[in-house]
Amino acid sequence: MTARGFLLYAGMALLIVLTGVFQGWNLALTILNMGLISAIMSLGVNLQWGFAGLFNVGVMGFVALGGLAAVLVAQPPVVEGWNAGGLRLLGALALGAAVLIAAVQVWKRKIGGQMRAMVMLALLIGGFFLFRAALDPAVNAIEAINPSLSGYLGGLGLPVIVAWPVGGLLAAGAAWIIGKAALGLRSDYLAIATLGIAEIVIAVLKNEDWLSRGVKNVVGLPRPVPYEVDLQRDAGFVEAAAGYGLDPVTASTLWVKILYSGLFAVVLIAILFLAQRALASPWGRMMRAIRDNEIAASAMGKNVTARHLQVFILGSAVCGIAGAMMTTLDGQLTPGSYQPLRFTFLVWVMVIVGGSGNNYGAVLGGFLIWWLWVMVEPLGLWAMELITSGMAADSWLRGHLTDSAAQMRLMTMGIILLAVLRFSPKGLMPER
Amino acid sequence: MTDFLNAIVALSNFVLIPGAAYGAQLALGALGVTLIYGILRFSNFAHGDTMAFGTMATILVTWGLQSIGISFGFLPTALIALPIGIAITGLLLLGTDRAIYRFYRKQKAAPVVLVIVSIGVMFVMNGLVRFIIGVGDVNFADGARFVINAREFKEMTGLDEGLALRSTTLITLVTAAIAVALLFWFLNKTRTGKSMRAFSDNEDLALLSGINPERVVAVTWLIVAALATTAGVLYGLDKSFKAFTYFQLLLPIFAAAIVGGLGNPLGAIAGGFVIAFSEVLITYAWKKVLVYLMPENLEPSGLVQLLSTDYKFAVSFAILIIVLLFKPTGLFKGQSV
Amino acid sequence: MAEPHLIGEAMTGGYGRGADILHGCTLSVDKGEIAVIVGPNGAGKSTAMKAVFGMLNLRSGSVRIGGEDITHLSPQDRVAKGMAFVPQTSNIFPSMTVEENLEMGAFLRRDDIRPTIEQVYDLFPILRDKRRQAAGELSGGQRQQVAVGRALMTQPSVLMLDEPTAGVSPIVMDELFDRIIEVARAGITILMVEQNARQALEIADTGYVLVQGANAYTGTGAELMADDEVRRTFLGG
Ligand SMILES: Nc1ncnc2c1ncn2[C@@H]1O[C@H](COP(=O)(O)OP(=O)(O)OP(=O)(O)O)[C@@H](O)[C@H]1O
Ligand SMILES: [Mg+2]
Numbered sequence: 064m065t066a067r068g069f070l071l072y073a074g075m076a077l078l079i080v081l082t083g084v085f086q087g088w089n090l091a092l093t094i095l096n097m098g099l100i101s102a103i104m105s106l107g108v109n110l111q112w113g114f115a116g117l118f119n120v121g122v123m124g125f126v127a128l129g130g131l132a133a134v135l136v137a138q139p140p141v142v143e144g145w146n147a148g149g150l151r152l153l154g155a156l157a158l159g160a161a162v163l164i165a166a167v168q169v170w171k172r173k174i175g176g177q178m179r180a181m182v183m184l185a186l187l188i189g190g191f192f193l194f195r196a197a198l199d200p201a202v203n204a205i206e207a208i209n210p211s212l213s214g215y216l217g218g219l220g221l222p223v224i225v226a227w228p229v230g231g232l233l234a235a236g237a238a239w240i241i242g243k244a245a246l247g248l249r250s251d252y253l254a255i256a257t258l259g260i261a262e263i264v265i266a267v268l269k270n271e272d273w274l275s276r277g278v279k280n281v282v283g284l285p286r287p288v289p290y291e292v293d294l295q296r297d298a299g300f301v302e303a304a305a306g307y308g309l310d311p312v313t314a315s316t317l318w319v320k321i322l323y324s325g326l327f328a329v330v331l332i333a334i335l336f337l338a339q340r341a342l343a344s345p346w347g348r349m350m351r352a353i354r355d356n357e358i359a360a361s362a363m364g365k366n367v368t369a370r371h372l373q374v375f376i377l378g379s380a381v382c383g384i385a386g387a388m389m390t391t392l393d394g395q396l397t398p399g400s401y402q403p404l405r406f407t408f409l410v411w412v413m414v415i416v417g418g419s420g421n422n423y424g425a426v427l428g429g430f431l432i433w434w435l436w437v438m439v440e441p442l443g444l445w446a447m448e449l450i451t452s453g454m455a456a457d458s459w460l461r462g463h464l465t466d467s468a469a470q471m472r473l474m475t476m477g478i479i480l481l482a483v484l485r486f487s488p489k490g491l492m493p494e495r
Numbered sequence: 008m009t010d011f012l013n014a015i016v017a018l019s020n021f022v023l024i025p026g027a028a029y030g031a032q033l034a035l036g037a038l039g040v041t042l043i044y045g046i047l048r049f050s051n052f053a054h055g056d057t058m059a060f061g062t063m064a065t066i067l068v069t070w071g072l073q074s075i076g077i078s079f080g081f082l083p084t085a086l087i088a089l090p091i092g093i094a095i096t097g098l099l100l101l102g103t104d105r106a107i108y109r110f111y112r113k114q115k116a117a118p119v120v121l122v123i124v125s126i127g128v129m130f131v132m133n134g135l136v137r138f139i140i141g142v143g144d145v146n147f148a149d150g151a152r153f154v155i156n157a158r159e160f161k162e163m164t165g166l167d168e169g170l171a172l173r174s175t176t177l178i179t180l181v182t183a184a185i186a187v188a189l190l191f192w193f194l195n196k197t198r199t200g201k202s203m204r205a206f207s208d209n210e211d212l213a214l215l216s217g218i219n220p221e222r223v224v225a226v227t228w229l230i231v232a233a234l235a236t237t238a239g240v241l242y243g244l245d246k247s248f249k250a251f252t253y254f255q256l257l258l259p260i261f262a263a264a265i266v267g268g269l270g271n272p273l274g275a276i277a278g279g280f281v282i283a284f285s286e287v288l289i290t291y292a293w294k295k296v297l298v299y300l301m302p303e304n305l306e307p308s309g310l311v312q313l314l315s316t317d318y319k320f321a322v323s324f325a326i327l328i329i330v331l332l333f334k335p336t337g338l339f340k341g342q343s344v
Numbered sequence: 315m316a317e318p319h320l321i322g323e324a325m326t327g328g329y330g331r332g333a334d335i336l337h338g339c340t341l342s343v344d345k346g347e348i349a350v351i352v353g354p355n356g357a358g359k360s361t362a363m364k365a366v367f368g369m370l371n372l373r374s375g376s377v378r379i380g381g382e383d384i385t386h387l388s389p390q391d392r393v394a395k396g397m398a399f400v401p402q403t404s405n406i407f408p409s410m411t412v413e414e415n416l417e418m419g420a421f422l423r424r425d426d427i428r429p430t431i432e433q434v435y436d437l438f439p440i441l442r443d444k445r446r447q448a449a450g451e452l453s454g455g456q457r458q459q460v461a462v463g464r465a466l467m468t469q470p471s472v473l474m475l476d477e478p479t480a481g482v483s484p485i486v487m488d489e490l491f492d493r494i495i496e497v498a499r500a501g502i503t504i505l506m507v508e509q510n511a512r513q514a515l516e517i518a519d520t521g522y523v524l525v526q527g528a529n530a531y532t533g534t535g536a537e538l539m540a541d542d543e544v545r546r547t548f549l550g551g
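Residue numbers (this note's numbering), protein chains in the order written: chain A, 64 to 495; chain B, 8 to 344; chain C, 315 to 551.
Don't read these hints as lab results, they were simulated from the structure.
Note that this is a predicted model, so its numbers are computed, not measured.
We put the CB at the ideal spot given by N, CA and C, even for glycine.
Heads up, some of the hints might be wrong.
With a Cα cut of at most 25 angstroms, we get these calculated BS3-like pairs of lysine-lysine [to be verified]: (1) B:Lys334 to A:Lys243; (2) A:Lys243 to B:Lys340; (3) B:Lys196 to C:Lys444; (4) B:Lys246 to B:Lys295.
Just some of the chain B residues that point at chain A, by a computed CB distance under 7 angstroms [said to hold, decoys possible]: (5) Val124; (6) Phe130; (7) Val131; (8) Arg137; (9) Phe138; (10) Gly143; (11) Asp144; (12) Leu258; (13) Phe261; (14) Tyr299; (15) Gln312; (16) Thr316; (17) Tyr318; (18) Phe324; (19) Thr336.
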């Protein structure tokens, strides 16, 4: 890292410390934790965009898949649900997969065009109805079991940390499928395709109640850290807290957050380390060579699409890991809360502002933009109150302006993005 | 026989008419995207929010008109407000171009840079709309609700199925037809329109022929403002206005433009209808039609809905992927850069 | 001797910040005459044409038309000065009809362009039949005719053609050369690049052989054809 980089990082640390001093350490730690997660997402996107020039605007989908992993891994299995239709459902899914694979195989056969298309179409349509016929009763049976509390299959009941790599795997699988279809096409097409897949992932999470309870949300996910109430009951902890002059409630909240920070920091550092190694490796150099001149690279015999597929899967997996971590932190999966502006485009702002192509920059961007995202609202409100302080207390405009201050966020992010693109297109920490 | 008529009526009522209206709205949106692509050569992610902004401007003007007691009889007041909304949006887009896009154009920046810039613009516009009108649902349709309502239709024809033609549907179809006719007249018959097509075809040669690029770009933004605002207002009249839904329209609109062939206006229209009808056909519960057509004992027990309506994005997406895999330049030949 | 109608004198320059491609290259044509540039691939023929038309920043040298210095004018302004250029590649508007292509050629004109369109149709009768067809759907030779026709629409005093016969069958090529002579007879100055050196030099008043961005040989078409050295190296025996 350069001297400028150290300064920027020190500045970022100072911002968080100042937040702690002036607005409380609870808020500072909350920002820090989501900042760590944002930094990981930003690293994932940087891997794709900064290393390889791939334009992925489906980050939200991969993040949400990570969230799903948290449910599938950590929630206890719902035995009644499995008894009611679990195996039937697995069978139906296997049937669906088999139909798709068969269709792809038919398509790959080099037989007469008309014939091939007809067979494939017949296979897909017939397969779809078969699939639905097998799936629907199983789904109905599962969702009928105690719908207000469960109505789904639950998970594997494993420690929630296991969900983090699993989230990465789920995201990687989705990335493989989408990459197979859309990589090698024009960059705009990849963008639209990823935008679409993200919407579909969210639609699945919202609708397939047997899988994720849909909009009924899964709450109370197991945690990798102790619960506050347990800490407060722990005499040793209370005593230690008193040693710092803290009451047990405050101390336990802070301590839990600090534990999360520690876990997240380990993951971030590990991924950052790997990303740095990758960037400096021959593989990373080749990636960047391809990014800078795709035509020359493919002329030199590099299989551009295959390389792109690798990096696309890796970057998406990183986003999936971050998504699983985020759901772990939240302790719940709420499919309705995934919004592309927040989970896709904001991450893009992080990467661009931080400095695309520079891993340290991406991490910095993650922290900084997240901090701003949180702080713009109170700052905006404060600004609005200042602006409107001269107006009558009951004036319509005053009420409207203060109410709308919350919407300042998006505008601010847009202005920051545009300003960076215009005046410092390489970001805060340029690639070189 | 009556069964057959009933089936046709049900089909028209729930599939054909809504599909056509939705298709017209998508087509207008896709035309805007495709024009920007053809002339400015980037995919404009801010288009959904441009539609939202235009609609919001029109709504504000509508409220203004209503508050001074102006209305449009059985037509929605928003139609009077529409030209003003278009003008406001046009100014916004020209301003955005002057302040933001032009810089990159002069630099001959790569298209993907412009796409990222348009994401910044999207944020700002989205924030602007939320800031001014809020995030809630706004219903601004006034005037007559129905041209034909279901009950009258049943009494008139004696059929079991009613056919409802909402006035907003009819207005959508008529307005869209007028807008498209005007656009094609402009592109094919006027000097400026032809110069736009020339610029889209071969920018360098257009320059050699003395066509002024800045003028072409400015005219393009104005047309895009008109198309986007019209599309947005029609969609809002038909459903309701909500900032977020307009952002979500981006996906089917892009799908329509790409399916038709990016940069090709005719393709955008075809693409709009292809996407709209596929969405409606696949997410429609066919039971209502089938009960009239099937013999009693074969009548379906379920809803016969291929996919739940929440998966309508999946439909546009699937069609998009299929077209991209088998015909990357779209149904009508688009540009491939 | 009077100054030639069009002259690009001692032109030196290249693309953007890249290395120089032209090294003191000079090209000139008298009014109503035909000058032909020949030379190996990559010699800088197209680059020289672009330099004359102002699509390239010259580091030194000048371009003058009718005695007026136009070195610093943009291509559009040169069009207004009576120059027209048919580039080597993508020289038509493919999705527009033949007639619209011609109209676009006359974009800067505000007077009645019908007579000029008729003149172009008289020159290239096939275009009259194809007037409603998209130019991109025509054959290679027909496209070149559209391209030349489009350039003529501004009623230029100088017509610059970069390989107008590329990808055209021998018969159509002769035909095109005849048309070009016809255009020159009408008093239009012609500067063109040709790959088919032999035929081109036959109709040329002046010939330039360009090698690596510099003039290698200059003379009347007949002189160059007679020169052993030029014959051996550039005309293939
Ligand atoms: N747009 C450009 N940017 C940078 N270099 C270019 C560009 N166009 C051509 N060149 C370079 O300029 C040199 C001369 O090219 P030019 O096109 O003038 O050759 P030419 O004599 O017209 O060849 P040909 O007979 O093949 O048309 C070549 O080395 C080429 O690589
Ligand atoms: Mg050439």
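Evaluated hints:
Distance restraint check for B:Lys334 and A:Lys243: the Cα-Cα separation of roughly 16 angstroms lies within the 25 angstroms cut-off, and the hinted pair is therefore satisfied. As the CA atoms of A:Lys243 and B:Lys340 are separated by approximately 24 angstroms, the hinted pair is consistent with the 25 angstroms bound. Only pairs whose Cα atoms come within 25 angstroms are accepted, and B:Lys196 paired with C:Lys444 is accepted, the gap being roughly 19 angstroms. Distance hint between B:Lys246 and B:Lys295 is fulfilled; the C-alpha atoms sit about 23 angstroms from each other, no more than 25 angstroms.
Using the Cβ-Cβ criterion of 7 angstroms, the hint placing B:Val124 at the interface with chain A is satisfied: the shortest such distance is roughly 6 angstroms. With 7 angstroms as the threshold, the beta carbon of B:Phe130 comes within range of chain A, its nearest partner Cβ sitting at about 3 angstroms, so the hint holds. Interface restraint check: B:Val131 against chain A, minimum CB-CB distance 4 angstroms, threshold 7 angstroms, status holds. Given hint, B:Arg137 at the interface with chain A, holds; its Cβ is 4 angstroms from that chain's nearest Cβ, closer than 7 angstroms.
Nearest Cβ of chain A to the Cβ of B:Phe138: about 4 angstroms, under the 7 angstroms cut. The hint holds. The interface hint given for B:Gly143 is violated, since its Cβ lies 11 angstroms from the closest Cβ of chain A, which is over the 7 angstroms cut-off. Using the Cβ-Cβ criterion of 7 angstroms, the hint placing B:Asp144 at the interface with chain A is not satisfied: the shortest such distance is roughly 16 angstroms. Annotation: interface hint on B:Leu258 holds; nearest CB of chain A at approximately 6 angstroms, less than 7 angstroms.
The restraint placing B:Phe261 at the interface with chain A holds, with a minimum CB-CB distance near 5 angstroms, inside the 7 angstroms limit. Given hint, B:Tyr299 at the interface with chain A, is violated; its Cβ is 21 angstroms from that chain's nearest Cβ, farther than 7 angstroms. Using the Cβ-Cβ criterion of 7 angstroms, the hint placing B:Gln312 at the interface with chain A is not satisfied: the shortest such distance is roughly 10 angstroms. The restraint placing B:Thr316 at the interface with chain A is violated, with a minimum CB-CB distance near 10 angstroms, outside the 7 angstroms limit.
A cut of 7 angstroms between beta carbons decides the hint on B:Tyr318: the least distance to chain A is about 5 angstroms, and the hint holds. Because the smallest distance between the Cβ of B:Phe324 and any Cβ of chain A comes to about 4 angstroms, under 7 angstroms, the interface hint for this residue holds. This hint is violated: B:Thr336 has a C-beta 10 angstroms from the nearest C-beta of chain A, more than the 7 angstroms allowed.
In this structure, the earlier hints numbered 10, 11, 14, 15, 16 and 19 are contradicted, and the remaining ones agree with it.
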